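A.B. asks: For the protein sequence lines, the chains are X and H, in the order given.
The first sequence begins at 25 in my numbering and counts up by one.
The second sequence begins at 119 in my numbering and counts up by one.
Source of the hints: derived by calculation from the structure; they are not laboratory data.
A quick note: this is a predicted structure, and the numbers were derived from the prediction, not measured.
A virtual CB, placed ideally from N, CA and C, is assigned to each residue, including glycine.
Please note that the accuracy of each hint is not assured.
[Unchecked claim] Pair by pair, the computed Cβ-Cβ distance ranges are:
| hint | chain 1 | residue 1 | chain 2 | residue 2 | range |
| --- | --- | --- | --- | --- | --- |
| 1 | X | Pro52 | H | Tyr131 | 40 to 48 Å |
| 2 | X | Pro202 | H | His183 | 18 to 26 Å |
| 3 | H | Arg133 | X | Pro52 | 31 to 39 Å |
| 4 | X | Ile55 | H | Glu184 | 47 to 55 Å |
| 5 | H | Thr125 | X | Ala249 | 52 to 60 Å |
| 6 | X | Leu216 | H | Glu225 | 49 to 57 Å |
| 7 | H | Arg172 | X | Ser212 | 48 to 56 Å |
| 8 | X | His191 | H | Asn156 | 23 to 31 Å |
| 9 | H | Glu184 | X | Val219 | 29 to 37 Å |
| 10 | H | Arg133 | X | His221 | 34 to 42 Å |
| 11 | X | Leu68 | H | Glu225 | 32 to 40 Å |
| 12 | H | Pro145 | X | Asn26 | 22 to 30 Å |
| 13 | X | Ala39 | H | Gln290 | 31 to 39 Å |
| 14 | X | Val194 | H | Arg300 | 50 to 58 Å |
Here's the letter readout for the chains.
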Amino acid sequence: MNSWTGFFTLIEREAYRFGRLASQTIIPPVIMTTLFVLIFGYSLGEGIRQISGFSYIHYILPGLAGMAVINNAYSNSSTSLFMARMDRSIETMIVAPIPAFKVVAAFVIGGLVRGLTVGSLTLLIATMLTKLPFAHVGLTLLYLVAIAVIFSSLGIISALWAEDWDHLAVMTNFVITPSIYLGGVFYSIHMLPGVWHRISYFNPIFYLIDGFRFAILGVSDVNPACSAAVILGVATVTLATAIYLFRIGYKLIV
Amino acid sequence: MDAVRITGVRKRYKRVEALQGIDLVIPIGEFFGLLGPNGAGKTTLIKSLVGLCRPTEGSVTIFGHETQQEPVLCKSFLGLSPQEPNVDRYFTLRKILEFHGGYYGLERPLRKKRALELLEQFGLGDKADDEYWKLSGGMQKRAMIARSLMTNPKILILDEPTAGVDVEQRHQLWGCLRNLNRDGTTIILTTHYIDEAEELCERVAIIDQGKIVEMGPPQELIARHCEQYIEVRGKKMKKLTPELLGALSQASEISPQEIAVQRGSLEQVFIKLTGHSIDGGGS
């Protein structure tokens, strides 16, 4: 029995799922990010002075791309797994001869592919609209993957925890989205007053955005090594948690 | 070696003990039936076999392999058609079957071919590219069974496979299951239709309130628990006695209405052992 075929089939299923819904899964986030670029970059951004030596549009672009990856990776794995729980199609994966870690890996890769697709399209459009420098191309790719892994894994954890769509929305509306917006996508934390500046250091998403900004622009609010450590650490913990929960059959096996 | 060996399996939920010490051995190639009313524990037992339920106590082995120790290997032997659909409702039938084959390691060309063959076999060939939710209840049920056969499982588990399927299709399915069993597939069937169990199964287990209350070949159970007799002109006889033969020698004078054969039924066995009918009503 070759469980790798099962693993690749699960990935194919994920790609089929979001591919057939491209008008809902791929195109809107790309349009939204482009609108962000136009509104914040060209319209409102004209009135903002340079940050760390970059125009406002350049400064926010890495954060916008990172935000697109975060939202899409999270949304893909959480929606896919939660739908599978609701229509019980998850049972077909549990009873199939595929180890739990491969099932989790397939969901993560599904989120990764969608996150990278939207993130790459965003960066592509950004490069076409502005002259975006890529200070560290390899690191940019690495961070894209790491951020997608983190939020795909978080999506899996949320989908396992949630009892209904409201629960899932709670995670998105009250945890993920505020953390992104308070994570320095649109500003440098050095622009924040004292207490908010200090609070930002407790927001893991700040390190993801800041690290990603360093990879693209070569500038950062904190030491890049610190961001790298947080990104890799959070990726390891979230992925391990998702695998563990799946392995024990949390809310899946009675 | 046995196909399935269940030893002392108990499953406790918070306040309910769904399985209360099940012991069951199903030899390779047997057509085995599980009979019981709703809530008897049939589905919990099946879930314990396929890995959707973790027993509180006891062990389950598939072809000698313990399901908790070697889950992936055990799962590779099984095919399941569940009572309630568990599919991606917005996928086409073709994709549902192909993906299912892929989960069990079938390579792409083989699973494409097999999916089409099975859809044709179950009268769903022209629905291959329709989304699952658009099909009628009977078609959905047939699609579930077709999916369970994608991988040529060594053990096929069918949980209420003919509920909602019309009589003609039910008989076609019976034929298909008999052929599979003849070719060596071990089949475990749960059903509400006692005639189905009687028709298909070599042995049945009657399960009630989490316990197996009786087990054996249907005819043996009927013989064991039902009164069987021939009644001629109001006189009951259990055997072909000279008296009966004498009565029958005058058959030209006996109208068919004056002869009755009481052979018993699995339904009667069920009611006698559980105190209620299989649909949960009182006896």
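A.B. asks: It remains to establish, for every hint, whether it holds in the given structure.
C.D. replies: Hint-by-hint comparison with the structure:
1. A hinted range of 40 to 48 Å holds for the C-beta pair Pro52 (chain X) and Tyr131 (chain H), which are about 43 Å apart.
2. At roughly 49 Å, the beta carbons of Pro202 (chain X) and His183 (chain H) sit outside the given window of 18 to 26 Å.
3. Take Arg133 (chain H) and Pro52 (chain X): their Cβ atoms lie about 47 Å apart, and the range 31 to 39 Å is violated.
4. Checked against the given bound of 47 to 55 Å, the beta carbons of Ile55 (chain X) and Glu184 (chain H), roughly 53 Å apart, stay inside it.
5. Checking the proposed 52 to 60 Å range against Thr125 (chain H) and Ala249 (chain X) shows it holds: the Cβ atoms sit about 56 Å from each other.
6. Distance hint check for Leu216 (chain X) and Glu225 (chain H): the Cβ-Cβ separation is about 56 Å, which falls inside the suggested range of 49 to 57 Å.
7. Look at Arg172 (chain H) against Ser212 (chain X): about 51 Å separates their beta carbons, and that is inside 48 to 56 Å.
8. A C-beta distance of roughly 30 Å is found between His191 (chain X) and Asn156 (chain H), which places it inside the suggested range of 23 to 31 Å.
9. Here the CB-CB span from Glu184 (chain H) to Val219 (chain X) is close to 58 Å, at odds with the stated 29 to 37 Å.
10. The hint said 34 to 42 Å for the Cβ distance between Arg133 (chain H) and His221 (chain X), and at roughly 53 Å that hint is violated.
11. A hinted range of 32 to 40 Å for the beta carbons of Leu68 (chain X) and Glu225 (chain H) is inconsistent with their spacing of about 54 Å.
12. Between Pro145 (chain H) and Asn26 (chain X) the C-beta distance comes to about 29 Å, which sits within the given range of 22 to 30 Å.
13. In this structure the hint that Ala39 (chain X) and Gln290 (chain H) lie 31 to 39 Å apart at CB holds, the actual value being about 36 Å.
14. Between Val194 (chain X) and Arg300 (chain H) the beta carbons are some 55 Å apart, a value that agrees with the proposed interval 50 to 58 Å.
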